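With the sequences and hints as input, model every part of the structure.
Residue numbers (the working numbering), protein chains in the order written: chain W, 1 to 442; chain F, 1 to 442.
Hints listed in this document are in silico derivations from the structure and should not be mistaken for laboratory results.
Watch out, some of these pointers could steer you wrong.
To be verified - Which residues of chain F face chain W? A partial, calculated answer using Cβ under 10 Å:
| no. | residue |
| --- | --- |
| 1 | D176 |
| 2 | T304 |
| 3 | S310 |
| 4 | A399 |
As the list claims (entries may be wrong) - Residues on chain W that point at chain F, a partial pick, calculated with CB under 8 Å:
| no. | residue |
| --- | --- |
| 5 | I173 |
| 6 | G405 |
| 7 | I406 |
As the structure is a prediction and not an experimental result, all values here were calculated from the model.
Idealized CB from N, CA, C, for every residue including glycine.
2 protein chains.
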Amino acid sequence: MLRKEKRNVIVGQSGGPTAAINSSLAGVYRTAMDRGYKKVYGMIHGVQGLLEGRYVDLSEHIQTGLDAELLKRTPSAYLGSCRYKLPNIHENEDLYKTIFRILDDLEIDCFIYIGGNDSMDTIKKLSDFAIITGSDIRFVGCPKTIDNDLALTDHTPGYGSAAKYIGTSVKEIIRDGWSLETKNGQVIIIEIMGRNAGWLTGASALAKGEDCDGPDLIYLPELPFDVDGFIDKIGNMLKKKESIVVAVSEGIRTADGKYISELGNTIEYVDAFGHKQLTGTARYLCDVVSAKIGCKTRAIELSTLQRAASHCSSRVDILEAYEVGGAAMKAADEGDTGKMVVFIRLSDDPYQATTEVKDVHKIANDERLVPREWITKDGTYVTQEFITYVRPLIQGDVAPIMVDGIPRHLYRPGFQEKLQKPDKPVKFEKPAKTETKKRTRK
Amino acid sequence: MLRKEKRNVIVGQSGGPTAAINSSLAGVYRTAMDRGYKKVYGMIHGVQGLLEGRYVDLSEHIQTGLDAELLKRTPSAYLGSCRYKLPNIHENEDLYKTIFRILDDLEIDCFIYIGGNDSMDTIKKLSDFAIITGSDIRFVGCPKTIDNDLALTDHTPGYGSAAKYIGTSVKEIIRDGWSLETKNGQVIIIEIMGRNAGWLTGASALAKGEDCDGPDLIYLPELPFDVDGFIDKIGNMLKKKESIVVAVSEGIRTADGKYISELGNTIEYVDAFGHKQLTGTARYLCDVVSAKIGCKTRAIELSTLQRAASHCSSRVDILEAYEVGGAAMKAADEGDTGKMVVFIRLSDDPYQATTEVKDVHKIANDERLVPREWITKDGTYVTQEFITYVRPLIQGDVAPIMVDGIPRHLYRPGFQEKLQKPDKPVKFEKPAKTETKKRTRK
Chain W
1 MLRKEKRNVI VGQSGGPTAA INSSLAGVYR TAMDRGYKKV YGMIHGVQGL
51 LEGRYVDLSE HIQTGLDAEL LKRTPSAYLG SCRYKLPNIH ENEDLYKTIF
101 RILDDLEIDC FIYIGGNDSM DTIKKLSDFA IITGSDIRFV GCPKTIDNDL
151 ALTDHTPGYG SAAKYIGTSV KEIIRDGWSL ETKNGQVIII EIMGRNAGWL
201 TGASALAKGE DCDGPDLIYL PELPFDVDGF IDKIGNMLKK KESIVVAVSE
251 GIRTADGKYI SELGNTIEYV DAFGHKQLTG TARYLCDVVS AKIGCKTRAI
301 ELSTLQRAAS HCSSRVDILE AYEVGGAAMK AADEGDTGKM VVFIRLSDDP
351 YQATTEVKDV HKIANDERLV PREWITKDGT YVTQEFITYV RPLIQGDVAP
401 IMVDGIPRHL YRPGFQEKLQ KPDKPVKFEK PAKTETKKRT RK
Chain F
1 MLRKEKRNVI VGQSGGPTAA INSSLAGVYR TAMDRGYKKV YGMIHGVQGL
51 LEGRYVDLSE HIQTGLDAEL LKRTPSAYLG SCRYKLPNIH ENEDLYKTIF
101 RILDDLEIDC FIYIGGNDSM DTIKKLSDFA IITGSDIRFV GCPKTIDNDL
151 ALTDHTPGYG SAAKYIGTSV KEIIRDGWSL ETKNGQVIII EIMGRNAGWL
201 TGASALAKGE DCDGPDLIYL PELPFDVDGF IDKIGNMLKK KESIVVAVSE
251 GIRTADGKYI SELGNTIEYV DAFGHKQLTG TARYLCDVVS AKIGCKTRAI
301 ELSTLQRAAS HCSSRVDILE AYEVGGAAMK AADEGDTGKM VVFIRLSDDP
351 YQATTEVKDV HKIANDERLV PREWITKDGT YVTQEFITYV RPLIQGDVAP
401 IMVDGIPRHL YRPGFQEKLQ KPDKPVKFEK PAKTETKKRT RK
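Okay, here's the thing in structure tokens:
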């Protein structure tokens with residue numbers, strides 16, 4: 001069934017970036033080259049950019065072994081990402097025809113998409129359309145999300161590095177909280193990403209160890225949050241401790257489903273997927289603690305850094321991200337389509353895991369939450385099972401390649417410049433057969 | 001003049017903690033031991049704790065070479081810090097007599113205080129009182145502050161690590177900002193510590209290099225901030241760039257001296273030294289950009305981590321902090337009093353610096369600001385001179401001692417527990433001559 005002569009591969013990055021997403025890109029590129037493909041194209045800003053005729057030849061970007069190492073250590077989507085959701089096939093068949101015409105013009109055999117839930121929906125729809133129309137292009141998903149909420153896989157690349165950063169930073173914040181005494185104690189509330197799944201917030205428990213008590217309370221979005229019960233707990237704790245540190249998910253909600261951040265006067269808006277953008281959960285709770293207890297408070301949002309802090313990434317995570325990139329490319333090369341690579345864990349400690357491919361129809365649009373039994377009965381901490389689960393994923397370090405005291409990243413020329421977008425859709429131009437140009441750095 | 005038989009040393013930490021303050025503590029301890037002192041006491045929470053009879057014998061805490069290495073890599077004040085300002089001598093002579101009685105009971109020869117401006121005021125007053133009363137206890141200051149605002153010294157330990165963390169994090173945030181395209185562009189505003197001095201905010205320029213444009217605008221508190229001019233600049237930049245990153249000091253003010261954070265509805269309060277605690281400068285500016293330009297915005301506060309992120313510390317900084325600890329102890333041992341150790345820079349690149357001691361009367365309560373000529377004419381960036389100045393201070397890394405994927409710190413038993421404070425001042429008890437007890441870890 002497969003072509004005898006291999007042609008080209010295209011790879012895209014989609015959804016929220018991570019510290020590991022570029023390591024998967026490096027893995028796809030390396031395996032495609034090793035398996036004899038001619039060119040590996042990279043979509044600029046995912047499917048959305050592809051539709052506008054934006055792509056690069058990755059061999060112009062990854063020219064040396066050092067480039068590949070830099071890429072693995074570069075945070076944020078090197079190719080640019082998008083939050084573009086394909087319509088259902090019957091809603092806009094023309095759009096699908098356009099994408100497939102572009103792919104045919106580029107002589108694509110394999111289409112690899114590195115992303116989370118919404119990106120797997122793209123793989124599902126494109127592979128469905130290929131089957132309907134008899135196209136032999138293979139579509140394979142490569143898992144990526146700091147949220148760790150993809151179904152059927154033990155975990156997702158990106159999560160381990162985010163968890164390591166969160167555990168490390170929370171520990172440093174707890175320690176900092178020890179330094180100054182306050183009149184009536186202090187409460188530090190740390191807000192961590194995760195709308196519906198508490199995997200990231202739970203990782204704050206990694207701060208706990210022989211040299212640190214860890215956070216005092218951890219609230220995941222899987223369980224309803226009771227503001228009054230929270231204030232009572234804080235009040236009791238302050239009788240015994242000077243400095244209380246609480247980790248909360250940005251997505252915690254009251255029993256009637258209202259986001260805690262909605263209880264204050266904070267700004268909110270809805271993104272392209274209809275997700276609510278939240279802000280100010282920690283700030284709101286600090287205001288309540290301050291008003292009801294009267295102690296000093298500090299709200300800290302880990303914000304963008306929890307997904308971008310390559311300087312504190314996990315070696316297991318960066319290597320596994322590279323591995324799934326290669327495994328996705330291998331699967332597509334061997335004829336798989338409509339699949340995603342997953343991790344199967346064989347043991348916790350020493351940690352051992354392997355990869356398999358699973359049907360993307362069983363993964364897309366499904367959110368994997370923290371199991372109830374991995375959260376304590378009273379809902380204010382994670383259990384030892386949770387820590388045993390996450391601990392192997394944060395092992396080992398990837399030293400950044402330091403130049404003049406600051407981590408070096410792989411630079412993509414002109415990336416930050418504003419694209420002059422046309423008013424109507426671009427007519428896609430088939431690439432001319434040109435020589436590979438030497439990349440010029442600034 | 002000096003005693004022939006050396007007795008004891010006491011050391012304290014004061015003011016805001018840093019990633020390097022414990023390295024100075026290790027330096028003081030090591031040098032005191034090498035120079036033949038019997039005991040090195042550590043004040044718990046500085047002079048304030050000392051007045052309440054709280055101190056430890058450091059030999060119970062630093063028992064091994066590994067302990068010393070852990071201490072150098074532990075953020076936040078190991079001994080606990082305080083923001084206690086001594087009254088003037090004539091205002092409360094009894095207080096001074098109490099302190100000196102405590103010091104005499106502990107058979108102290110040398111008193112080392114690691115801190116910033118306010119802590120040097122303590123050294124000044126105590127050394128003055130010693131001179132007035134004929135005490136031969138020597139008081140020497142060891143510089144420490146992320147703010148880098150101490151007079152007479154080229155720079156202060158703690159600043160280099162904070163600058164490295166800021167440069168690294170800002171670079172990662174800029175990169176993250178590239179990943180997703182937005183309809184009308186986006187503006188990310190990063191709020192950085194520094195009430196009056198822009199040394200930390202200026203360090204965001206370290207993100208600029210061959211692989212990154214750096215922040216687009218940098219606003220220091222040394223110059224008045226014009227909100228309208230800022231909005232105009234942002235508007236123009238968005239025509240050329242998708243993602244704008246701005247670094248602002250928490251302390252920026254309008255031409256008539258009003259803090260930008262005061263223009264919004266944010267909470268504020270005043271700390272023990274009468275400093276205004278600021279919050280929400282970035283948040284307020286984001287709200288203005290959002291209202292006037294209508295693009296996506298994100299406010300990021302680097303918050304506590306900029307002073308506590310030991311996992312991203314500068315080797316030059318950690319070693320220099322250790323060095324000034326030793327130099328302060330050496331100065332006191334050799335008879336200096338009322339002095340602070342300073343750095344004299346000999347060359348920028350290769351970097352070379354040496355230490356001297358200077359009269360603390362010329363340092364205390366004086367704030368060193370960023371020179372006007374190190375800020376661009378239009379006040380929206382730092383110059384190359386600034387970068388040349390800060391660059392050597394962030395060189396080299398100190399690998400954290402990783403245990404199970406998370407940095408290990410030196411633990412102090414019972415540290416987090418609430419102190420049962422008495423209603424009236426404690427009667428200081430002279431230490432019994434007991435054996436040094438083996439520390440028990442939890």
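Each hint tested on the structure:
The restraint placing D176/F at the interface with chain W holds, with a minimum CB-CB distance near 4 Å, inside the 10 Å limit. Interface restraint check for T304/F: the shortest CB-CB distance to chain W comes to about 5 Å, inside 10 Å, so the restraint holds. The interface hint given for S310/F is met, as the beta carbon of that residue sits about 6 Å from the closest beta carbon of chain W, less than 10 Å. Because the closest C-beta pair between A399/F and chain W is about 8 Å apart, less than 10 Å, the hint holds.
Given hint, I173/W at the interface with chain F, holds; its Cβ is 5 Å from that chain's nearest Cβ, closer than 8 Å. With 8 Å as the threshold, the beta carbon of G405/W comes within range of chain F, its nearest partner Cβ sitting at about 4 Å, so the hint holds. Given hint, I406/W at the interface with chain F, holds; its Cβ is 5 Å from that chain's nearest Cβ, closer than 8 Å.
Hint compliance for this structure: no hint is broken.
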